[in-house]
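Colleague: Got chain A; can you put chain B on it based on the hints?
Heads up: the sequence lines are chains A and B, in that order.
Numbering that gives the first Met the number 0 puts the first sequence at residues 0 to 96.
Numbering that gives the first Met the number 0 puts the second sequence at residues 0 to 273.
Bear in mind the hints are in silico, worked out from the structure with no lab data behind them.
Backbone N, C-alpha and C fix where the C-beta goes; we use that ideal spot for every residue, glycine too.
Don't take every hint at face value.
Said to hold, decoys possible - Quick look at which bits of chain B chain A covers, simulated, 3 or more residues with Cβ under 8 Å:
(1) 129-140
(2) 169-183
(3) 218-228
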Amino acid sequence: MGWWPFGNSQSSAEPSPPTREERQKCWESRDAYFACLDGVGVVKPGTEGKACSNENRVYEKTCAQSWITYFNERRKLAFQQKDMLAQAAAQNAAAKR
Amino acid sequence: MFSVSRRALQSFRTPSRLVNASQLKCRRSCFTYLETRRGYSTQPPPSSNASARDRNAVGVFTPKSAAIFILTGAGLLFYFQNEKAKVLEQQEKERATKAYGRPAVGGPFSLTTHTGATYTEQDLLGKWSMVYFGFTNCPDICPAELDKMGLVLDAAEKEHGKIFNPVFVSVDPARDSPSRIAVYLKDFHPAFTGLVGPYQTVKAMCKAYRVYFSTPPNAKPEDDYLVDHSIFVYLMDPKGQFVEAFGQTVTIDEMLQKMRDEIAEWKSETGRTT
Numbered sequence: 000m001g002w003w004p005f006g007n008s009q010s011s012a013e014p015s016p017p018t019r020e021e022r023q024k025c026w027e028s029r030d031a032y033f034a035c036l037d038g039v040g041v042v043k044p045g046t047e048g049k050a051c052s053n054e055n056r057v058y059e060k061t062c063a064q065s066w067i068t069y070f071n072e073r074r075k076l077a078f079q080q081k082d083m084l085a086q087a088a089a090q091n092a093a094a095k096r
Numbered sequence: 000m001f002s003v004s005r006r007a008l009q010s011f012r013t014p015s016r017l018v019n020a021s022q023l024k025c026r027r028s029c030f031t032y033l034e035t036r037r038g039y040s041t042q043p044p045p046s047s048n049a050s051a052r053d054r055n056a057v058g059v060f061t062p063k064s065a066a067i068f069i070l071t072g073a074g075l076l077f078y079f080q081n082e083k084a085k086v087l088e089q090q091e092k093e094r095a096t097k098a099y100g101r102p103a104v105g106g107p108f109s110l111t112t113h114t115g116a117t118y119t120e121q122d123l124l125g126k127w128s129m130v131y132f133g134f135t136n137c138p139d140i141c142p143a144e145l146d147k148m149g150l151v152l153d154a155a156e157k158e159h160g161k162i163f164n165p166v167f168v169s170v171d172p173a174r175d176s177p178s179r180i181a182v183y184l185k186d187f188h189p190a191f192t193g194l195v196g197p198y199q200t201v202k203a204m205c206k207a208y209r210v211y212f213s214t215p216p217n218a219k220p221e222d223d224y225l226v227d228h229s230i231f232v233y234l235m236d237p238k239g240q241f242v243e244a245f246g247q248t249v250t251i252d253e254m255l256q257k258m259r260d261e262i263a264e265w266k267s268e269t270g271r272t273t
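One chain only, chain A, in its complex shape (with noise of 0.2 Å):
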């Protein structure tokens, strides 16, 4: 087992570079996985149960796992952001009425 899931055909010492398509094939396991996620209303990603084993085996399985923490990070905080906006803009409304 390699430190980098996909790319098996490189066996050498040296681990090869993601290519365009590897990291191509991981942003569209990661976004399939999101919208599951989107659609069964959960931000935070490990807390969905069962309901989108399949996306997340995809997405574990095309994506390195330094990749994988900081998507899901950057999701986390992505929402955190959106949740922070919308505060501001209802106290801004409140605020000129």
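Modeller: Chain B only, in chain A's frame:
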């Protein structure tokens, strides 16, 4: 006659010597006292004292002195305003010249290209360089930025000719060997030069270019980690001097416009585009 005169002389002499002695003594210790006393004794009559006070009150402000006062004031005002205008003009001139206020970004370095050759700051000369710092395991930002650079490069070359030099510097020396960077760059514009070197060398170059990055110094090639780093595309002129840092939000058109302006200015100064 003689005896009388002698006595008279003696009687005259003795007190005079006494006076002299007291004067001598006083010259050292009683000076202020004598002065004060003299002051009291020569006090002018009250009427003349009042007139002097009047003269003091009016005397300074005669028409003549008023005229001198106003002339001096006007002269000083004119002088300082004139000097201020000169200073402002000088500052404007300094601001107009390019050398003034250029950020100290860049400097000497020596790294290895993705083909294994040595690459130094000398190799940046003679072309407009676009320098980007990143790493091959970058999830999405670096590839997006490198793609953007490729598009800018194609458009700029169409407009100005082949006077550009795109450079990718790895901030992940533990994993990014020259051969790994070579594989990685196949996905991007073929003109790219990939650079890497020992950790300390990369660190020194990043410091000179004001780039932050967070690779752990003892990272192993098989580790799975991300590198946090500054995201900038640096534009360097054909003398290797810093021109501009393009952030992630700068669009392709904005980059092209900036390059157009800079190349036009360069041409007006040197007569050439490189």
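Colleague: Now, for every hint given, state plainly whether the structure supports it.
Modeller: Consistency of the hints with the structure:
1. 129-140: holds (count 4)
2. 169-183: holds (count 8)
3. 218-228: holds (count 6)
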